[in-house]
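Starting from the known structure of chain A, arrange chain B on it as the hints suggest.
Protein chains in written order, with this note's numbering: chain A, 1 to 290; chain B, 291 to 561.
By construction, these hints were calculated from the structure, which means they are not laboratory data. All C-beta atoms, glycine included, are put in the ideal place defined by N, C-alpha and C. Among the hints, a few may not be true.
Here are some, though not all, of the chain A residues that point toward chain B, as calculated from beta-carbon distances under 8 Å [as the list claims (entries may be wrong)]:
1) Ala-21
2) Ala-35
3) Ser-87
4) Leu-110
5) Gly-113
6) Pro-115
7) Ile-118
8) Phe-122
9) Asp-184
10) Gln-186
11) Phe-261
12) Ser-275
As a list, the in silico BS3-like pairs of lysine-lysine whose alpha-carbon atoms are at most 27 Å apart [stated by the list, open to error]:
13) A:Lys-8 with B:Lys-372
14) B:Lys-378 with B:Lys-454
15) A:Lys-8 with B:Lys-410
16) B:Lys-372 with B:Lys-454
17) A:Lys-101 with B:Lys-437
18) B:Lys-437 with B:Lys-454
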Amino acid sequence: MGRFEPEKMVGRVLMLFSITAVVVLLLIMLFIFNAGLPLFTKVGVLDFLFGTRWVPSKDVYGAFQFIVAAFMVTFGALLIAVPLGLSCAIFLSEIAPRWAKNIVRPAIELLAGIPSIIYGVFALVIIVNAAHITFNLATGETILAASIILSIMVLPIIISISQDAIEAVPRLYREGSYAMGATDWQTIHRVLLPAASQGIVAGVILGMGRAIGETMAVVLVIGNVEKFPTGFLVPGETLTSAILLEMGEAVVNSLHYRALFCLGIVPFVFVLVLSVLSSRLISRNHERFE
Amino acid sequence: MTLLWLSAGSILLILCSIVLYVVYRGSHDLGVEFVLGQPENIWLAGGMLPALIGTLYTVLIALLFATPLGIGAAVHLTQYTKEGRTTKLMRIGSDALNAIPSIVFGLFGLTLFLYYLRMKPSVFAAGLTLGFMILPTIIRTAEVAIKAVPWSEIEGSYALGATKLQTITGVILPTALPGIITGVILGLGRAAGETAPIIWLASFWPPITPLSPADPFNSLTTTLYFLTSEAQNEQYITRAFAVASLLLFMVLVLNYVARALNNRLSANIRR
Chain A
1 MGRFEPEKMV GRVLMLFSIT AVVVLLLIML FIFNAGLPLF TKVGVLDFLF
51 GTRWVPSKDV YGAFQFIVAA FMVTFGALLI AVPLGLSCAI FLSEIAPRWA
101 KNIVRPAIEL LAGIPSIIYG VFALVIIVNA AHITFNLATG ETILAASIIL
151 SIMVLPIIIS ISQDAIEAVP RLYREGSYAM GATDWQTIHR VLLPAASQGI
201 VAGVILGMGR AIGETMAVVL VIGNVEKFPT GFLVPGETLT SAILLEMGEA
251 VVNSLHYRAL FCLGIVPFVF VLVLSVLSSR LISRNHERFE
Chain B
291 MTLLWLSAGS ILLILCSIVL YVVYRGSHDL GVEFVLGQPE NIWLAGGMLP
341 ALIGTLYTVL IALLFATPLG IGAAVHLTQY TKEGRTTKLM RIGSDALNAI
391 PSIVFGLFGL TLFLYYLRMK PSVFAAGLTL GFMILPTIIR TAEVAIKAVP
441 WSEIEGSYAL GATKLQTITG VILPTALPGI ITGVILGLGR AAGETAPIIW
491 LASFWPPITP LSPADPFNSL TTTLYFLTSE AQNEQYITRA FAVASLLLFM
541 VLVLNYVARA LNNRLSANIR R
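Same shape as in the complex, but just chain A:
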């Protein structure tokens, strides 16, 4: 019978809806690989990954300095954000009175909602000048300045995910610890943090993914000099900022265009792996306490 059966139709249509996210993900992968990978018929993979000269006019594409700069800003950001974020998460889940929670939580949500370009403009004026004066540099536009602003941007992710992980630790653990005469600090340090470690690591991993993919805040403060970064107090250029700055002048399907897509593949793959890893850690953390 050719009767119209909305009940069954709806199920099928919604099925299509729910695979959209996966389809878009696959399309993104397909498009950027398709645009980028032909580069390697002309340029060796190792020359691309470990070469340190990037001269589009001579078709020389070595991205090592961009990769190193991206990892430096990311680790610099985590170095600041992890201790600060973790102690804030402990504060919120263990010792904060209700009124303090009611102030700090919305503040963190707001921090997560501020557009990255605003962080960039703020950092360009405040952090860059502070670095310039404090370290007596020729320019304050440095890897350090990028690390500092990124650390603020990844704080909300690290705090909210590690707070969830710490709060998921059953009360029994806490009471057992206190019953044995442990102090607050010993309970946090010896019982809660180890028990929540997987969730905390997941938060750090997600923060790392956010930091390595961030573009707007970094491009404004890092100076964008295509030199190998020799420390935190020199300018540099990251993968994402190179794409942003050069894509406008690259001719479609030229080697330069393809090389820029390959610069995009690096953080894409990296973030994909980190994201899957952190999903698994988070679900394992929850399963453990069920």
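Chain B alone, transformed into the frame defined by chain A:
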């Protein structure tokens, strides 16, 4: 312990200093004329109206695309499938999409719309690119809101003889609505503040008031980026801070509305 208090205090300090500084530097230019006037001299004088319209227009298209899709996906994931391999895969896919760097979305939009579909840079292309980007946010929050609908209400609906579709449209979606709207507002805020995904799709100058979705457009964020990166004197920076304050104000308001709704939702469920 003092250290823990200090860490929380420092978060507040960071937030306040950013917000206050941006507003302080921007306040010089802010006013009705700034929001509703036409720009002059590469945005350095006059108002920001075309960029404001461009931003709102792209965000509207992003929401029109992502909201039904996201809610539909959430209904499917919670009502039509059992927890298992498929839902797990979809959740991993959606989380991964959420984590993809925004500049990669920019590359995606560039290739999809300008290269494969041979479109001109337009409100439509930028809106869809942003729509793809906020889809995971909407799916995830709608899923949480739907899961929070009490079992008793769903079973009550089935017990009265309602079909699955009637239960979804008559009971589940209305109950979950505040939570769903919260997610949509969060997505709205994110879409309005993004720069990298639309950087190659928005135009800087001259000012354009887009009418049809196929028109080119200006946006607040890309204008802010150009003003800052091309800054030749203090005037550019002052101007940039005024645009930043306008954006910040929009984000603050959206955030407040989202939280107010969320609080009402949790109050409803406790009842």
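So which hints don't hold here, by number, going up?
10, 15
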